[in-house]
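Enquirer: Listed below are the residues making up each chain.
Number of protein chains: 2
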Amino acid sequence: MSRRILGVDPGSRITGFGVIDLVGQQRHYVASGCIRTPQGAPLAERIKVIIDGLFGVIDTYQPHEAAIEQVFVNVNPAATLMLGQARGACVSALVMRNLAVSDYTALQVKQSVVGHGKAAKEQVQHMVVRMLNLSGTPQADAADALAVALAHANLSGGAIGELARQGLKVRGGRLV
Amino acid sequence: MSRRILGVDPGSRITGFGVIDLVGQQRHYVASGCIRTPQGAPLAERIKVIIDGLFGVIDTYQPHEAAIEQVFVNVNPAATLMLGQARGACVSALVMRNLAVSDYTALQVKQSVVGHGKAAKEQVQHMVVRMLNLSGTPQADAADALAVALAHANLSGGAIGELARQGLKVRGGRLV
Chain A
1 MSRRILGVDP GSRITGFGVI DLVGQQRHYV ASGCIRTPQG APLAERIKVI
51 IDGLFGVIDT YQPHEAAIEQ VFVNVNPAAT LMLGQARGAC VSALVMRNLA
101 VSDYTALQVK QSVVGHGKAA KEQVQHMVVR MLNLSGTPQA DAADALAVAL
151 AHANLSGGAI GELARQGLKV RGGRLV
Chain B
1 MSRRILGVDP GSRITGFGVI DLVGQQRHYV ASGCIRTPQG APLAERIKVI
51 IDGLFGVIDT YQPHEAAIEQ VFVNVNPAAT LMLGQARGAC VSALVMRNLA
101 VSDYTALQVK QSVVGHGKAA KEQVQHMVVR MLNLSGTPQA DAADALAVAL
151 AHANLSGGAI GELARQGLKV RGGRLV
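First to last, the sequence lines map onto chains A and B. Note that UniProt numbering gives residue 55 to position 55 of the first sequence, counting from 1, and the numbers run on in steps of one. Note that UniProt numbering gives residue 125 to position 125 of the second sequence, counting from 1, and the numbers run on in steps of one.
These aren't lab readings, by the way, just hints derived from the structure by calculation. Glycine is no exception: its CB is placed at the ideal position from the N, C-alpha and C atoms. Any given hint could be a false lead.
Pair by pair, the computed Cβ-Cβ distance ranges are [stated by the list, open to error]: (1) Q39(A) x K121(B): 29 to 37 Å; (2) T137(A) x V73(B): 33 to 41 Å; (3) K121(B) x N76(A): 25 to 33 Å; (4) Y61(A) x L134(B): 25 to 33 Å.
Excised from the complex, chain A in its bound form (with noise of 0.2 Å):
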């Protein structure tokens, strides 16, 4: 049996998205790609893209379930509240298509993925392109969504992965 998961890395000018099956214990590349917000465009419609960006990616590869990263900055309180609108688009989008949600922190995807929690951007891209055995390096918040996913597949298996699957929530990797 598969499972098809997408990953979501939120942004508020460029969320990254990445589309994994998981069949047994391998992992195989669907898809990934980035979607990019107008900048300086109001809100409403930098939500609208992000949306309609989302509900095209979901309807093209019809994923099972969603993993999305747990963002957190610190910049400004400005630029917190911006983050904090696009992942709010995301989730919407995620759950107005019916698919359980799981987060996690950036901690447990890069501990998860490289190993540990302090890794590099670029040891995580790396893993993904093994992983996913990969021909290029995918653009860098497209291989932030496809470690999303990867994490997930990793933290989710098994009994856990089954009962997300029936609808229950899932939080890093435990039912909530």
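Fit chain B to the supplied structure of chain A, relying on the hints for placement.
Expert: Then chain B, alone, in the frame of chain A:
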């Protein structure tokens, strides 16, 4: 000709909504209330409650346009992020129902409804009750949402309101 305006006051725990009709220079109360998200529930669940709640309001009252308060708090980054996510979910619901969305700061709302930007919450509530000829005081978040709708009615009249209804973007009463 009548314009029906939905005002929204987003919050991570309580999102207020208020619907008014603008008939010529007359403002009429239509409905108001609040959407409460389950405390301690995962974000995806809370966002689903906000979206389903706003969809219910929009589908029931069929507003022509929407106005939303431009929240800004800086209690701490986590609270700011959470509020941003809730606001992103609100805007998502509005744009998915194809409503033109106008943003107003708390300052703009107070200036427009009370006459000065430093007005206390109680003064705003008092003016909402008076302007809409209400027999009782609405719950605080519902009153804030009605105030946002009233501010939009005041600030978006004439040509700008007409263009907004045709789908052009308005921010703070100005076309952008």
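Enquirer: Give a verdict on every hint.
Expert: Hints and how they fare:
no.	hint	result
1	Q39(A) x K121(B): 29 to 37 Å	holds, 35 Å
2	T137(A) x V73(B): 33 to 41 Å	holds, 39 Å
3	K121(B) x N76(A): 25 to 33 Å	holds, 26 Å
4	Y61(A) x L134(B): 25 to 33 Å	violated, 50 Å
Of the hints listed earlier, the one the structure fails to meet is number 4.
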